[in-house]
Amino acid sequence: MSVRGTAEVIDLFNRAFTRHEGGFLTDLIADDCVMESISPAPAGERVVGREACTAWWTALAEDRAARFTPREVIVAGDRATILWTYRFGEGADEWVHGVNVMRVTDGRIVEALGFSKTAGEVPLTTGTADGASPGAGSTHGATADEAPLTAETTGA
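This note's numbering numbers the first residue of the sequence shown as 844 and each following residue consecutively.
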């Protein structure tokens, strides 16, 4: 039996989510797989082992109320990057863009790190250029004329 290449493994992985068929995950996950989900912030949930990772992903893949859409897949050797959109409701703001950084060894996923854009304000700095803390009432070092970067101001 030949070993699947990274591109084939990632294609099957994505099909599990786009077709809501967890069965595509069978034989794609390594015994020592480590997965970090996009939430809860800041580090995500860490899931370890084939059985646990398969169960976690199968539950997500088979959730017909959600839609996962790969936007771009980049494969380089044993690594793959999946840029995706995840829709978790029908509302205008019930979706998120994200990325999974994957590693495949011997035809199985051994590592999957998930990251996503977040809603709301994300502090970009905690101090001024000289290292001093911003003054009381300051918004992350912004002057009165500057608004902090948020999903609304950046278009994210």
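Just so you know, the hints here were simulated from the structure itself, not pulled from any lab data. Every residue, glycine too, gets a C-beta built ideally from N, C-alpha and C. Any given hint might turn out to be false.
Claimed, not checked - Simulated DEER-style distance windows between Cβ atoms: (1) Arg-858 / Glu-894: 18 to 28 Å; (2) Gly-892 / Ala-935: 29 to 39 Å; (3) Ala-902 / Leu-926: 14 to 24 Å; (4) Ala-886 / Glu-937: 19 to 29 Å; (5) Ala-935 / Gly-848: 36 to 46 Å; (6) Gly-848 / Glu-937: 30 to 40 Å; (7) Ala-895 / Thr-924: 33 to 43 Å.
As the list claims (entries may be wrong) - Calculated lysine to aspartate or glutamate pairs in the DMTMM-like style (CA-CA distance at most 20 Å, straight line): (8) Lys-960 / Glu-879; (9) Lys-960 / Asp-921; (10) Lys-960 / Glu-915; (11) Lys-960 / Glu-851; (12) Lys-960 / Glu-937; (13) Lys-960 / Glu-933.
Hint check:
no., hint, result
1, Arg-858 / Glu-894: 18 to 28 Å, "holds, 21 Å"
2, Gly-892 / Ala-935: 29 to 39 Å, "holds, 38 Å"
3, Ala-902 / Leu-926: 14 to 24 Å, "holds, 23 Å"
4, Ala-886 / Glu-937: 19 to 29 Å, "holds, 24 Å"
5, Ala-935 / Gly-848: 36 to 46 Å, "holds, 39 Å"
6, Gly-848 / Glu-937: 30 to 40 Å, "holds, 35 Å"
7, Ala-895 / Thr-924: 33 to 43 Å, "violated, 23 Å"
8, Lys-960 / Glu-879, "holds, 15 Å"
9, Lys-960 / Asp-921, "violated, 25 Å"
10, Lys-960 / Glu-915, "holds, 16 Å"
11, Lys-960 / Glu-851, "violated, 27 Å"
12, Lys-960 / Glu-937, "holds, 13 Å"
13, Lys-960 / Glu-933, "holds, 18 Å"
When held up to the earlier numbered hints, the structure conflicts with 7, 9, 11 and fits the remainder.
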